[in-house]
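Student: Heads up: the protein sequence lines correspond to chains A and B, in order. Residue 27 in my numbering sits at position 27 of the first sequence; the count goes up by one each step and never skips. With the second sequence counted from 1, adding 1000 to any position gets you my numbering.
If you are wondering where the hints come from, they were derived from the structure by calculation, not from laboratory data. Small disclaimer: the values here were computed from a predicted structure and weren't measured. Among the hints, a few may not be true.
As the list claims (entries may be wrong) - Computed from the model, here is a short list of chain B residues facing chain A with C-beta under 10 Å:
no. : residue
1   : K1015
2   : L1016
3   : E1048
4   : T1249
5   : I1262
6   : Q1267
7   : A1268
Unchecked claim - Pairs of lysine to aspartate or glutamate residues, derived as EDC-like cross-links and limited to a Cα-Cα distance of at most 16 Å, are as follows:
no. : chain 1 : residue 1 : chain 2 : residue 2
8   : B       : K1015     : A       : E2
9   : A       : K5        : B       : E1246
10  : B       : K1235     : A       : E66
11  : A       : K5        : B       : E1239
12  : A       : K11       : B       : E1246
13  : A       : K56       : B       : D1189
14  : B       : K1143     : B       : D1178
15  : B       : K1258     : A       : E2
16  : A       : K5        : B       : D1178
Said to hold, decoys possible - What follows is a list of derived Cβ distance ranges for each label pair:
no. : chain 1 : residue 1 : chain 2 : residue 2 : range
17  : B       : G1222     : A       : K14       : 19 to 25 Å
18  : A       : T76       : B       : A1009     : 36 to 42 Å
19  : A       : L24       : B       : E1022     : 35 to 41 Å
20  : A       : K14       : B       : A1009     : 20 to 26 Å
21  : A       : E2        : B       : D1130     : 31 to 37 Å
22  : B       : K1236     : A       : T76       : 54 to 60 Å
23  : A       : E2        : B       : K1368     : 53 to 59 Å
24  : B       : E1022     : A       : I29       : 50 to 56 Å
25  : A       : K14       : B       : G1358     : 35 to 41 Å
26  : B       : I1205     : A       : R59       : 42 to 48 Å
27  : B       : D1274     : A       : S16       : 32 to 38 Å
28  : A       : T76       : B       : P1024     : 41 to 47 Å
Glycine is no exception: its CB is placed at the ideal position from the N, C-alpha and C atoms.
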Amino acid sequence: MEPTKHAIVPKHTKVSDKEKQDLLDTYGITLRELPRILIKDPGLGKLDVKEGDVVKVARTSPTAGESFFFRRVVAT
Amino acid sequence: MKPELKAYADRLNKKLLAQLEEVPSSKLAKVSKIVAEELETAQVDAGEAVGLICAESIGEQGTQMTLDTFHFAGVAEMNVTMGLPRLIEILDGRKLIKTPMMEIFLKSPYNKGKDVRELARKLKATKVGDLVKEYSMNIAELKLQLTMDEDKMKTWGVTPAALSKAISKGVKAKVKMDGNVVEVKLKDDSDLSALYALRGTINEIQAAGIKGISQVLTVERGEEFLIITSGTNLKKVLELEFVDGERTTTNDLYEIAKVLGIEAARQAIINEVDRVIDAQGLSIDTRHVLLVADTMTVSGSIKGITRYGVVSEKSSVLARASFETPIKHLINATLAGERDPLNSVVENVMLNQLIPVGTGLPKLNMEKKK
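Only chain B is shown next, with the shape it has when bound in the complex:
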């Protein structure tokens, strides 16, 4: 670091310091002084209602968004919720999202296109039912014979050994494999209806791939190839050897929180919101998005901006009651004998008192005479 800059090390942030490094030494002292002054005046004052400004800033842009837009993730045949519905989904902290998807980055040499299609196929969850060509039921001997489709098995990379293992794991019956015919025999004292139920159970058994991944696509982005999936299973995918675990992501925030932690979830919220805004050609200052992401993750787990999420965390009864379902909150607070110290904004507005924001924040304190 240049000696002129050292004096400002505490007052300026890392990004500004890095930019100032490029200023010629002769002007550095003067420029740094101006930058530091500018930064100080640009900072938010104590008592500023940042949350309100944030809500307005995101809300106004929200009105400009097109409703129900579907964006194609580079290639056809995969819908991804974008626009306002997706923004609501993220900020509400929905557990079940409309279109879960993953972006799987690959390690070298696969990211240059080697075997990408084969790897992608390996990921897709394939059920036994998808591979069966013919069923035949032997009622007298309580046997079910499945003739497998060899071509399909080859395409999805299912070996006969793996198939018989998967089936014997999934059902309580004897499994015999002969060429491409699987024979499943129930115990002699079983009911006939059990045989019919067996067929349903076997169809649903997963033969290959990763649970939850229903569709795969290979996409070329810039210099490299990646796999986009519909359906997500971050934990299982990160365990795969050919996957670049450092960049692979999903759009399911709860899954990120579970697998990578709350700080990663915060970053994911920011990335997802930014993506929606960018796709719509709008711009929201990132500080507003940062504030929302921080608010949603303070408690250590994701809380949506709803009455079940961040609002339920508020300490004031009146503040909670003023958002939604007031009677419920007031009754519960009465039963629990809650106190409201009137520390925040909404409850003071309700009681027609000065709110602790801006110039309403400073208070006069007197020291007691001893």
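Only chain A is shown next, with the shape it has when bound in the complex:
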């Protein structure tokens, strides 16, 4: 079974370069300050990502209904 199909795995999508820059500008942070996700993480599934990319996670939140979280892809 694909891990991404499991009920507790939220949807991961790759963020485009423009969105990535917008995100960093909005919060006034550098890429290094984002939370991390390992490149071999099973939650990424078949997503075509490399080191330094940013992944958007659409979580179902008990307080907000849906919330977005961003993680930087790292090798280790």
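Please build the complex by placing chain B on the supplied structure of chain A, with the hints as guidance.
Tutor: Below, chain B alone, put in the same frame as chain A:
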């Protein structure tokens, strides 16, 4: 979406918007305005020490918990660590947990009770030693004869063919199967002690089931049947064809992180903490639990709230030293020539300076004259 709501699409979250859809149109504009204002005032201010509030909120409830409670998972004969010991286990990010268990959901028609007992038996790890009725050792010919218990083999669903295959895979010797008697012959030049060792090796060989699962129980919950196991092996169980892979879970967080990823592990931390709190009849605002789960998973792997986990990730030497084992941290930092820019709270408390929290956060910046 109703036109009156569109103006608030950016300011309100999905949950509130869905609730506002039900408000009659005549009052919608007024209600939405009040809701949006309420939401804005309820938000956390910049510089609020949320971590401290979170720690206090969980810590206070922790004092109300009964120590060492054991909760029976619906049926007798299976202990599950609950209460404070379990909470500590989760938040410390322990790799070895006291009572690993799985909840296996089944696909239709099995979830309506079809063959549930047989499926459950298939899961349990059965060793060859559990199935043997009699051993006989032939020292002269270096042979070991095992008489198998046919009833037991039938109960655990082990076929003779599968058994001989498992044994020949596990030992370096000739395996012959004759009815319910297995004959294992060592090479002629082998030592006698090898024959005795062989018996131990064979006993430990897994004949059927899934490695790590030591006990199985079938439970009826609501409308459907599910299997609860003691011992976990998420990866292997998800590969099984009759298992509903979308809902099957384990209480081993590291296993979830490995098989389903870090985001799933975060959700699992929240679910497990909530379960402990609910079982004790307490209530902690979920925002505190969310914060802890986020903190534990920022680095991409699970880090417990211990000096080996999240504390070791802190960039400030003084902050690390103030938690536990200060001398070790200070010596290592000295040897490595670390700098501490004093950006956070603890190090500034140590140096009797204003801490960057609340009103201490804003700073005055001046532009240099060109």
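Student: State for each hint whether it applies.
Tutor: Here is what the structure says about each hint:
Look at K1015/B: its Cβ gets to within about 3 Å of chain A, closer than 10 Å, so that hint holds up. A hinted interface residue such as L1016/B counts as satisfied when its beta carbon comes closer than 10 Å to some beta carbon of chain A; here the least separation is about 8 Å, so the hint holds. Against a cut-off of 10 Å between C-beta atoms, the interface hint on E1048/B is violated, since the closest Cβ of chain A lies about 16 Å away. Among the interface hints, the one on T1249/B holds; its C-beta lies about 7 Å from the nearest C-beta in chain A, closer than the 10 Å criterion.
This hint holds: I1262/B has a C-beta 6 Å from the nearest C-beta of chain A, less than the 10 Å allowed. Checking Q1267/B against chain A by beta carbon gives a least distance of about 4 Å; that is within 10 Å, so the hint holds. Checking A1268/B against chain A by beta carbon gives a least distance of about 6 Å; that is within 10 Å, so the hint holds. For the hint pairing K1015/B with E2/A, the CA-to-CA distance comes to about 29 Å; that exceeds 16 Å, so the pair is violated.
Straight-line distance between C-alpha atoms of K5/A and E1246/B comes to about 6 Å, which keeps the hinted pair within the 16 Å bound. A threshold of 16 Å between alpha carbons decides the hint, and for K1235/B with E66/A the separation of about 28 Å lies outside it, so the pair is violated. Of the pairs offered as hints, the one joining K5/A and E1239/B holds, with about 13 Å between alpha carbons and a cut-off of 16 Å not exceeded. At roughly 14 Å between alpha-carbon atoms, K11/A and E1246/B fall within 16 Å of each other, so this suggested pair holds.
Between K56/A and D1189/B, the direct Cα distance comes to roughly 64 Å. Violation of the 16 Å bound is thereby established for this hinted pair. Proximity of K1143/B to D1178/B is assessed by CA-CA distance (about 14 Å); at most 16 Å being required, the pair is judged to hold. Taken as a hint, the K1258/B and E2/A pair is honoured in the structure, with Cα atoms around 13 Å apart against an allowance of 16 Å. The hinted pair formed by K5/A and D1178/B fails the criterion: a straight-line CA distance of about 46 Å is larger than 16 Å.
In this structure the supplied range 19 to 25 Å is violated for G1222/B paired with K14/A, their Cβ-Cβ distance being about 39 Å. Taken as a hint, the range 36 to 42 Å holds for the pair T76/A and A1009/B, whose Cβ atoms sit roughly 40 Å apart. Under the hint 35 to 41 Å, the C-beta atoms of L24/A and E1022/B, about 38 Å apart, fit the expected range. Checking the proposed 20 to 26 Å range against K14/A and A1009/B shows it holds: the Cβ atoms sit about 25 Å from each other.
For the pair E2/A and D1130/B, the beta carbons lie near 35 Å from each other, so the given range of 31 to 37 Å is met. For the hinted restraint 54 to 60 Å between K1236/B and T76/A, the CB-CB distance of approximately 27 Å leaves it violated. Judged by the Cβ atoms, the range 53 to 59 Å given for E2/A and K1368/B holds: they are separated by roughly 56 Å. In this structure the supplied range 50 to 56 Å is violated for E1022/B paired with I29/A, their Cβ-Cβ distance being about 38 Å.
Look at K14/A against G1358/B: about 38 Å separates their beta carbons, and that is inside 35 to 41 Å. Judged by the Cβ atoms, the range 42 to 48 Å given for I1205/B and R59/A holds: they are separated by roughly 44 Å. A hinted range of 32 to 38 Å holds for the C-beta pair D1274/B and S16/A, which are about 35 Å apart. A C-beta distance of roughly 56 Å is found between T76/A and P1024/B, which places it outside the suggested range of 41 to 47 Å.
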